[in-house]
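Student: Order-wise, the sequence lines are chains Z and R.
Sequential numbering from 1 applies to the first sequence in our numbering.
Sequential numbering from 1 applies to the second sequence in our numbering.
Hints listed in this document are in silico derivations from the structure and should not be mistaken for laboratory results.
There's no promise every hint is true.
Note: identical chains are not told apart, hence a pair may lie in one copy or across any two.
[Stated by the list, open to error] Derived EDC-like pairs (lysine to aspartate or glutamate); straight-line CA-CA distance at most 20 Å: (1) 237 <-> 19; (2) 132 <-> 225; (3) 237 <-> 411; (4) 101 <-> 349; (5) 237 <-> 248; (6) 237 <-> 447; (7) 132 <-> 281; (8) 237 <-> 249; (9) 448 <-> 130; (10) 132 <-> 365; (11) 132 <-> 360; (12) 101 <-> 334; (13) 132 <-> 447.
Protein chains: 2
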Amino acid sequence: MATAQVWIDGRWTASTGGDTFTAIDPATGRPLAERFPVSDRAECERALAAADAASARLATVPRDEIARFLDEYAAAIDAHADELAALAARETGLPVSPRLKDVELPRTTGQLRQAAAACRDGSWALPTIDTKAGIRAVHAAIGPVLVIGPNNFPFAFNGIAGGDFAAALAAGNPVIAKGHPSHPATTRRLAELADGVLRTCGLPTGTVQLLYRMSGSDGLALMRDSRLAAVGFTGSKVAGLRIKQACDEAGKPSYLEMSSVNPVIFLPGAIRERAADLAQEFAMSCLMGAGQFCTNPGLVVLPAGADTDAFIADVRARFAAAPSGTLLSPQVRDALLAAVGEVRDAGADLVTGGGAVAGDRVAVENTLLTVTGARFLAEPRRLQTEMFGPVSLFVVAADVDEMLAVVSHLEGNLTGSIYSSRTGDDDAAYRRVEPLLRRRVGRLLNDKMPTGVAVSAAMNHGGPFPATGHPGFTAVGIPAALRRFSMLQCYDAVRPGRLPEVLADANPAGTWRLIDGRWTTDPVAAA
Amino acid sequence: MATAQVWIDGRWTASTGGDTFTAIDPATGRPLAERFPVSDRAECERALAAADAASARLATVPRDEIARFLDEYAAAIDAHADELAALAARETGLPVSPRLKDVELPRTTGQLRQAAAACRDGSWALPTIDTKAGIRAVHAAIGPVLVIGPNNFPFAFNGIAGGDFAAALAAGNPVIAKGHPSHPATTRRLAELADGVLRTCGLPTGTVQLLYRMSGSDGLALMRDSRLAAVGFTGSKVAGLRIKQACDEAGKPSYLEMSSVNPVIFLPGAIRERAADLAQEFAMSCLMGAGQFCTNPGLVVLPAGADTDAFIADVRARFAAAPSGTLLSPQVRDALLAAVGEVRDAGADLVTGGGAVAGDRVAVENTLLTVTGARFLAEPRRLQTEMFGPVSLFVVAADVDEMLAVVSHLEGNLTGSIYSSRTGDDDAAYRRVEPLLRRRVGRLLNDKMPTGVAVSAAMNHGGPFPATGHPGFTAVGIPAALRRFSMLQCYDAVRPGRLPEVLADANPAGTWRLIDGRWTTDPVAAA
Numbered sequence: 001m002a003t004a005q006v007w008i009d010g011r012w013t014a015s016t017g018g019d020t021f022t023a024i025d026p027a028t029g030r031p032l033a034e035r036f037p038v039s040d041r042a043e044c045e046r047a048l049a050a051a052d053a054a055s056a057r058l059a060t061v062p063r064d065e066i067a068r069f070l071d072e073y074a075a076a077i078d079a080h081a082d083e084l085a086a087l088a089a090r091e092t093g094l095p096v097s098p099r100l101k102d103v104e105l106p107r108t109t110g111q112l113r114q115a116a117a118a119c120r121d122g123s124w125a126l127p128t129i130d131t132k133a134g135i136r137a138v139h140a141a142i143g144p145v146l147v148i149g150p151n152n153f154p155f156a157f158n159g160i161a162g163g164d165f166a167a168a169l170a171a172g173n174p175v176i177a178k179g180h181p182s183h184p185a186t187t188r189r190l191a192e193l194a195d196g197v198l199r200t201c202g203l204p205t206g207t208v209q210l211l212y213r214m215s216g217s218d219g220l221a222l223m224r225d226s227r228l229a230a231v232g233f234t235g236s237k238v239a240g241l242r243i244k245q246a247c248d249e250a251g252k253p254s255y256l257e258m259s260s261v262n263p264v265i266f267l268p269g270a271i272r273e274r275a276a277d278l279a280q281e282f283a284m285s286c287l288m289g290a291g292q293f294c295t296n297p298g299l300v301v302l303p304a305g306a307d308t309d310a311f312i313a314d315v316r317a318r319f320a321a322a323p324s325g326t327l328l329s330p331q332v333r334d335a336l337l338a339a340v341g342e343v344r345d346a347g348a349d350l351v352t353g354g355g356a357v358a359g360d361r362v363a364v365e366n367t368l369l370t371v372t373g374a375r376f377l378a379e380p381r382r383l384q385t386e387m388f389g390p391v392s393l394f395v396v397a398a399d400v401d402e403m404l405a406v407v408s409h410l411e412g413n414l415t416g417s418i419y420s421s422r423t424g425d426d427d428a429a430y431r432r433v434e435p436l437l438r439r440r441v442g443r444l445l446n447d448k449m450p451t452g453v454a455v456s457a458a459m460n461h462g463g464p465f466p467a468t469g470h471p472g473f474t475a476v477g478i479p480a481a482l483r484r485f486s487m488l489q490c491y492d493a494v495r496p497g498r499l500p501e502v503l504a505d506a507n508p509a510g511t512w513r514l515i516d517g518r519w520t521t522d523p524v525a526a527a
Numbered sequence: 001m002a003t004a005q006v007w008i009d010g011r012w013t014a015s016t017g018g019d020t021f022t023a024i025d026p027a028t029g030r031p032l033a034e035r036f037p038v039s040d041r042a043e044c045e046r047a048l049a050a051a052d053a054a055s056a057r058l059a060t061v062p063r064d065e066i067a068r069f070l071d072e073y074a075a076a077i078d079a080h081a082d083e084l085a086a087l088a089a090r091e092t093g094l095p096v097s098p099r100l101k102d103v104e105l106p107r108t109t110g111q112l113r114q115a116a117a118a119c120r121d122g123s124w125a126l127p128t129i130d131t132k133a134g135i136r137a138v139h140a141a142i143g144p145v146l147v148i149g150p151n152n153f154p155f156a157f158n159g160i161a162g163g164d165f166a167a168a169l170a171a172g173n174p175v176i177a178k179g180h181p182s183h184p185a186t187t188r189r190l191a192e193l194a195d196g197v198l199r200t201c202g203l204p205t206g207t208v209q210l211l212y213r214m215s216g217s218d219g220l221a222l223m224r225d226s227r228l229a230a231v232g233f234t235g236s237k238v239a240g241l242r243i244k245q246a247c248d249e250a251g252k253p254s255y256l257e258m259s260s261v262n263p264v265i266f267l268p269g270a271i272r273e274r275a276a277d278l279a280q281e282f283a284m285s286c287l288m289g290a291g292q293f294c295t296n297p298g299l300v301v302l303p304a305g306a307d308t309d310a311f312i313a314d315v316r317a318r319f320a321a322a323p324s325g326t327l328l329s330p331q332v333r334d335a336l337l338a339a340v341g342e343v344r345d346a347g348a349d350l351v352t353g354g355g356a357v358a359g360d361r362v363a364v365e366n367t368l369l370t371v372t373g374a375r376f377l378a379e380p381r382r383l384q385t386e387m388f389g390p391v392s393l394f395v396v397a398a399d400v401d402e403m404l405a406v407v408s409h410l411e412g413n414l415t416g417s418i419y420s421s422r423t424g425d426d427d428a429a430y431r432r433v434e435p436l437l438r439r440r441v442g443r444l445l446n447d448k449m450p451t452g453v454a455v456s457a458a459m460n461h462g463g464p465f466p467a468t469g470h471p472g473f474t475a476v477g478i479p480a481a482l483r484r485f486s487m488l489q490c491y492d493a494v495r496p497g498r499l500p501e502v503l504a505d506a507n508p509a510g511t512w513r514l515i516d517g518r519w520t521t522d523p524v525a526a527a
């Protein structure tokens, strides 16, 4: 079978890179047939040159054209849902239904449509007008963006269809997509659909391009090139930190979603009041999708006592009884087993699971670990190692004071949940723990598990380092996610006919603008 | 004379650092009498511990208390304007009037009052509410901020009174101020006024603190400490890049205003039409304040021809006739002479000036250099060396095409100006040059010099690297400047009584909030 082609500057062409790779079917552990190319530096360079040319031309394209592409691409994905879900299931081991076809795919096309609406509307860019000073400012396209997708969402975070892709494009930027090597055929099919739509829109050929893989050094060289404006990345902390360093040194923004253990705090009253419900809720959240979510509840803080003992026994039984989900790849399995080993070495005790599932299928047993609060406080770093999979560590603290000490040693996370009594018994404890947790997490939840990231304007799928690289930005949630891929552009005494449409006096699109301190969709009033 | 004291955790105390330094009177080149301390690492640690404690307590202080401090501090500065202007003049060589007393000081107190109003109002934080999903988000305090002021604005950018200080505090953060060593007595007097006001407000003692100086390694250790949340810096590129690296490695935001040559493009019609006016306007902008502005027009691009020859002769005459302003410090003089040498080594020709002014006074001659477009294109990096002072480099391009080539080799800058004919002769050229310049500058101007940074909501005093460290943020302009010193905090299913006031249903402060896609000052409607 021929090696797959890369999509550069509007054409599918044989890669000039000599190396190839195959994905693995995690249901069998065996390589899939098709070979995909590892692009070489010259190929990265061609993609970058095309993106650079597209960037300048995109600035002159009406934003409705970009919005139309996003909408029609969403429609094309919806129209090919069965085929895409089957491809992705084969490459990821995730079930076609409900996960891929009924949940992730509609979410993906929903994101693309929300991004299209935001692009058309323009309010995401916070246009700001000072009529007295004659100064106007707006967030505008930053330039070519490299979007690197993760292994765990073949649609919703795919470099060529996911949230970063939609946000970067809706903000007016060309995207060089790097698919994740664990699902290249799914990624290619998405790119083919994008290609079909792109040909019917008035967008430059280099607006969207696809590379499957490149060497680490070629990838970093691409990121250091001054023509690349920004990077969006979802993946491991190890890779994320390398990307961050390359972008930091080049003085360009990188938006990284790297790692998170998503602490869940069960206050004493909650455990006392509804332990059985909480055990069910926790186990479902932790084992869903074989635990392969950025927001998986990987670290739980509880107060010692008979209620907690019973709670742990209940969770243990649920973990042991539930099937062990297929993992995305052998790499995920190996990294997970290594992380569990690290946490055990740091002093955690195994309650259930802990090993790989026997046989060809790529899977690890549902795994529960416990550690005392005192032990956690002696090794807080190692005991916060992310265990990406159906695994969680319960930190059993002596009392509420020790729970607070544990929370005060947490690193930055995407989410933090606090469960408390419904009758007010935990209110004093809540008031103590909330400020400590609040500054360490991007999203704070009450009586709710962190899995399930609503695509809402008020969502924050972000958080302090090392969950991400900057605590002020979110990867999910439109319009805010678009602003990551922008620069602030101010116009001082610029002649009226030369202003971008979004800052001109007239406002036919009804964009929300901050005019002289007041948000309005009105045009600028005649003086 | 005793060494000055540092202000830590509400008390003025003798520094534990053994080293001291003195400022220099640039009018005489001689050291001033008073000694100021170089803080050691233990002292930095004490300030950080106090700021960390203040950070947690500030979260529970009504934001009106912070606003009251900012307002009353502004009033105290206004009440001591004569004394402050005299102190600053002695340390900086800048004239008391109009510069220090009539321009910079009122600007400074205006910034503090605007920050107070933004703090009270809360709209800066972009509160966003999704009533259907039950999710709410807002930008909130990030934690202790280190603010490092530059040499050239003893009030308006001072670490203890300037724009970064006001923005960080108004966003709810404690500030550790590091004054610039060239004006320590001015900085101390400001801190004393802040202290007097702080004692009357209900703010924690560690809310504002002052250190004068520390070693580079102690400063970087402070920045790497996890308790420090962010850094605001205005100063040299060399120092800025070191700070950036330390913060980047620690995964925390730094907001750096580093260097800019502020290109000014004179299109052919403008020169033909109004060369004499432009020469006057340019010379005034370039020589004002002895050219010591971040937005000084340090690089000018013009078309070759008789009009430009006459224009250059006119500017030369104005430079030669104007007095050479006193520079801020011997360090500024030495760095300027070195930069001029670097630009001459790279091929620029001296038209006028070029040397230090004879005598004790710290000054450099008003200096004009020229280079051909072709030569510039051969050495674009070195010929963009910032020459901080009354100096500019004219790049004389063969034609408009070569002007475009020059612009396409510019690095990131704070500003870019385009002068064009008033009769439309340059419109075609404008349409070609504007897109190239636009993406390289934070603020684009028409027919206007870049000096003079209005404190406007629509201002962008920022720009692509290496002008700053991130192209999405501005150091001047409220409310946007506040958002730099914030993290995004999302509340998912959090019980109503536990929401921060700015996200609760009621909206007594009339804060602008994005509720279900609509900006409004209304409360959340009852379901």
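Student: Next, verify each hint and record whether it holds.
Tutor: Outcome of the hint check:
Taking the shortest alpha-carbon separations for residue 237 and residue 19, neither the intra-copy value of 26 Å nor the inter-copy value of 41 Å comes in at or below 20 Å. When the C-alpha separation of residue 132 and residue 225 is checked against a cutoff of 20 Å, the pair qualifies neither within a copy, at 40 Å, nor between copies, at 43 Å. Proximity of residue 237 to residue 411 under the C-alpha cut-off of 20 Å is restricted to the intra-copy arrangement: shortest distance 13 Å within a copy versus 31 Å between copies. In this homomeric assembly, residue 101 and residue 349 never come within 20 Å of each other (Cα to Cα): the closest approach is 38 Å inside a single copy and 68 Å across copies.
Proximity of residue 237 to residue 248 under the C-alpha cut-off of 20 Å is found in both arrangements, the shortest distances being 16 Å within a copy and 15 Å between copies. Within a single copy, residue 237 and residue 447 get their C-alpha atoms no closer than 28 Å, and across copies no closer than 48 Å, so neither meets the 20 Å cut-off. For the homomeric pair residue 132 and residue 281, neither the shortest alpha-carbon distance inside one copy (56 Å) nor that between copies (22 Å) is at most 20 Å. When the C-alpha separation of residue 237 and residue 249 is checked against a cutoff of 20 Å, the pair qualifies both within a copy, at 18 Å, and between copies, at 13 Å.
Taking the shortest alpha-carbon separations for residue 448 and residue 130, only the inter-copy value of 17 Å comes in at or below 20 Å, while the best intra-copy value is 43 Å. Taking the shortest Cα distances, residue 132 and residue 365 never come within 20 Å of each other, neither inside one copy (66 Å) nor across copies (37 Å). Taking the shortest Cα distances, residue 132 and residue 360 never come within 20 Å of each other, neither inside one copy (71 Å) nor across copies (45 Å). Proximity of residue 101 and residue 334 under a CA criterion of 20 Å is satisfied in neither setting, with 28 Å inside one chain copy and 67 Å between copies.
Within a single copy, residue 132 and residue 447 get their C-alpha atoms only as close as 49 Å, which misses the 20 Å cut-off; across copies the closest is 18 Å, which meets it.
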